[in-house]
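Using the sequences plus the hints, can you model the full thing?
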Amino acid sequence: MSMLAEVTVSRPLRELLAFARHVPVRVAASLIIICFFALAAVMPKVLQTHDPFAIDLRSSLQSPSIAHLLGTDQLGRDLYSRLLEGAGQSLAIGLGATALSMSIALILGVAAALSGGVFDSILSRIVDVLFAIPTLLLALVFVTVFGPSVLTEVIAVGIGTAPGYARMIRGQMLSIKGTGYVEAAKALGHPFPRIVWRHILPNAMNPLTAMTTIGVGQAIIWASALAFLGLGVAPPAPEWGALLNAGRNYVIYAWWLEIIPGLAVTAFALSVTIVGRHIQARLEGKS
Amino acid sequence: MSQVRPKPVSQQADLLTVDSLRVSFGREIAEKAVVRSMSFSLRPGRCLAIVGESGSGKSVTARALVGLAGRHADVHARQLSFDGTDLIGLNDRGWRRIRGNEIGFVLQDALVALDPLRQIGKEIGEGLLLHGAVSSREELAQRVIALLELVGVPEPETKAQQLPHQLSGGQRQRALIAAALALDPRVLIADEPTTALDVVAQAHVLALLEETKKRGKALILISHDLAVVSRVADEILVMQRGEVVERGTAAELFKDPRHPYTRQLLDAVPSGRPRGSRLSPSTIVRSPGRQTQPPVQSLPKSRPILLEATSLVKHFKGPDGTLRAAVDGVSFELRSGETLGIVGESGSGKSTMARMILALDEPDEGAVQFAGRPWTTLAERERRARRRSISIIYQDPLGSFDPRWTVGRIISDSLSSDVETRRKRQERVIELLDMVGLSQALLDRRPLELSGGQRQRVAIARAIAPNPAVIVCDEPVSALDVSIQAQVLDLLGDLKDHLGISYLFISHDLSVVRHISDRVIVMRRGRIVDSGPTEEIFRNPLSEYTKSLIAAMPRLVREQEIGQSSTILEEGIA
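Going line by line, the protein sequences match chains A and B. Under the numbering used here, the first residue of the first sequence carries the number 1, and numbering increases by one thereafter. Under the numbering used here, the first residue of the second sequence carries the number 1, and numbering increases by one thereafter.
Stretch-level coverage of chain A by chain B, calculated; a stretch enters the list once three of its residues show a Cβ under 8 angstroms from a Cβ in chain B:
no. : stretch
1   : 178-187
2   : 199-205
Using 25 angstroms as the maximum straight-line C-alpha spacing, the simulated BS3-like pairs for lysine-lysine come out as follows:
no. : chain 1 : residue 1 : chain 2 : residue 2
3   : B       : K317      : A       : K186
4   : B       : K159      : B       : K317
5   : B       : K159      : B       : K122
6   : A       : K177      : B       : K317
Treat the hints as calculated values from the structure; they're not laboratory data. Treat the numbers as computed from the prediction; the structure is a model and nothing was measured. Positions of the beta carbon are idealized from the N, C-alpha and C atoms, including for glycine.
Following this line, the structure appears as structure tokens:
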């Protein structure tokens, strides 16, 4: 009896362990990094060791140490705490911009692929024109006109990266439209909207999960580039791109001000990509 | 061709010697190696055939002989030597000297093996350039054209400038053989050189290989089809699961097959077997499910017309903008319970016609009537409800399944919506799986996880699920091994008897069509050149074209017939 109780109690735990054993190390590590930054984005105070805005000129430009885990900047502010403070904005830009650009791309790509004919040609040419304008230029113009803020950056990067995705979605949809199983479904007499919903869309979206996760990292990098050019979120806010921009002047004396925010962008983008790939492989049943 | 060194056929020394070859991958134990204790020797002017179904290890054997078994392959042998040179432990450079130069290798899939963006001539000339066999551009061009001529590619000057997709399947395969022959190797290995070719192209390639052998080359021919190799091979090795289960001359094997597997392979060849007889040892369809009808044997004439096509025409725009008739005035009728075979080589318009019958393409002229009512002229909305009465089985089942869907969902999707409850649908799906001889354990598998034969069985289950009156079979067995083909043909025959379905059976393979059809239509360039009851067509064909098709059919050739059949074949080619 007692043994039975023991079995039932520990079963969820064991299942969790069994599940964890199937997760590759790189995916587990990525998940930890994502969770850490996500926590920092929601409640930065919990993880911070210092006040991210407190100026302490006596300890300016200190290299990483026990007192300041990732060193300090020219005003003696703790880089580690500032990095966590900026996580919220950076992640919001990354996720927001990707969500926006995917939505635009989905509408354009699906509409073009399904309509065909003249409408497809018109939409495709519009996308081509957008595609011809460099993403950064588009974003620059947008931010200059509407002024820098998290929202304008989201919109600027979102619109800038949409044409590429739109093209890909259209191509995917068209190639799936021509497959044998779509034809087989037609031969079975399924109405076209049903075929789109059950075969074309899901299969066309398949490579998109990976694209989206890569897109999140990419968007953060775009936003950093904007901030680096001085068109990012207003200066006191320690958004990652802004940190990179600020560290530029001291890169010879204080490498950590430049390298560490850069690593944070890379680490997050990479983690999201790895997890995304893993999810995709799982969905396709390849594990 | 100047570079063909005359080699006396009487030269008796072994060119290639293989003793106890073992190929394994990874940490497999010796008993589970992909190829085990394989031994043979090959002399110039002789042909060795390795026959077996997919996965039996024949391709791996061939690759091991040219050092291409793969990085993870573990190749062991007591002896593996070419003309006195030990091939075991040869380094990359050593292999490169042998490969192409001494042992030519013809890959299986001509479309994949040729670079789609390179001209045929360049592909063939590459070996000559790499091995420094030519001194000038002019000489290279001449040699390439001479090679194309040698393998019988028409208009070699033009073809040398073209890209692979501009050549027909048979021409591509011949170009590959030309590339393999370029450096005049002493051994030629051909891995399934005729699979995926239609009968006529197949006969040409086989004749070419035979000729190559006569010119003193040692030939290793790999195939799943005994009939294909029987004409060329001097010795046949039958492989099953990595082991040679039987060996002997073609005549010995055909007259007195010792091993049950050899017998099974022989039985699977439809030509030379009574029409409609069973080709596979598998048990017949279990539990027919619904009404059990007596086998259909009555006269087809007395049965009602089910499908009627009248002067169908379909044009396609060619690359130069001109219209080309893919189907040009085709009329036929399919009666209830009948199997109508449609034969023709690739490009004869068979598949276009199938698409029109399924109302997936609209005919430019003419119409199809189904069950006495208009079919192709209907609006899609009116046709939709009746679509389930005509099913289709494709050549490539994998491409016709949504890769994300499970077997259960694929079949269930095809059920008529009359089957309402989830439970009833599930039961019906299991019943259908049972009918096509698949276990219900496959329900949750995805198409990629199935074997070729299983996939085609699932495709058949999907086709019969909506209780159709007609199934259009578009080359349903041409991508399958002969032994699997035999099982699928038997299954189709059983289902017809039990369910009273009519088949429109499209194939390039005459022996298959002859086996299954009641009546046959022969198509060429979009037109019908011959039609009539199967036996009549095969006994006395009207058109020259049909005659040449029949002559090109691969048969199991016994030794005394070899001379005779090659004359038939040469006539067929001429």
